[in-house]
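> Sequence:
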Amino acid sequence: MNEENELSYFKGGLAIGVSLGIISGIASTLWYQKKRTVDADLVLENVKEAFLKEGPIEGSWIEFEKKPLRKFAIHSKTYNGGISRLEDGVMVQYEFTADAFTGTVIDVKRIKD
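Here our numbering is used: position 113 in the sequence shown is 111, and no number is missing along the way.
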């Protein structure tokens, strides 16, 4: 009878340990997904793809350093980049800001000469 009691304690401890392992694994996965950012190269490729729908581009760039952005109560990290292309024989440059967590373009500005 004493051996059965020890076995039930072992099974109970094992069940608790496995449960804690599963819960901590799920929690760490969710935390990682929330903190993970999109690769800057992928963001640039998506912006280039959108610009290519309207015509050829001459050049592009992106800063790999994430910069903080604060607009009112919204705080995020962003990538800054640019695209240049010929429009009516004139080189035109655009700058863009994209959210580092989602890759969504937040702003696009045409640079005036």
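Don't read these hints as lab results, they were simulated from the structure. Just so you know, not all the hints are guaranteed correct.
[Stated by the list, open to error] Taking lysine-lysine and the DSS-like style, the derived pairs with C-alpha atoms no more than 27 Å apart in a straight line are:
id, residue 1, residue 2
1, 107, 75
2, 75, 32
3, 75, 110
4, 75, 65
5, 32, 9
6, 32, 65
7, 51, 9
8, 75, 64
[Claimed, not checked] Here are the computed distance ranges between Cβ atoms for each label pair:
id, residue 1, residue 2, range
9, 59, 13, 51 to 59 Å
10, 50, 71, 14 to 22 Å
11, 85, 20, 53 to 61 Å
Glycine residues also receive a C-beta, built at the ideal position from the N, C-alpha and C atoms.
> Next step is simple, just say for each hint if it's right about the structure.
Against the structure, the hints come out as follows:
1. 107 with 75: It holds: about 18 Å lies between the C-alpha atoms, which stays within 27 Å.
2. 75 with 32: holds (13 Å)
3. 75 with 110: holds (26 Å)
4. 75 with 65: Roughly 5 Å between the alpha carbons, so the hint for residue 75 and residue 65 holds.
5. 32 with 9: Answer violated: residue 32 to residue 9 is near 35 Å, above 27 Å.
6. 32 with 65: holds (17 Å)
7. 51 with 9: The hint is violated at about 62 Å.
8. 75 with 64: Between residue 75 and residue 64 the Cα gap is close to 6 Å, so the pair holds against 27 Å.
9. 59 with 13: 51 to 59 Å: Between residue 59 and residue 13, where Cβ atoms are some 55 Å apart, the hint holds.
10. 50 with 71: 14 to 22 Å: Hint violated: Cβ distance 35 Å, outside 14 to 22 Å.
11. 85 with 20: 53 to 61 Å: holds (56 Å)
When the structure is compared with the earlier hints, violations turn up for hints 5, 7, 10 and for no others.
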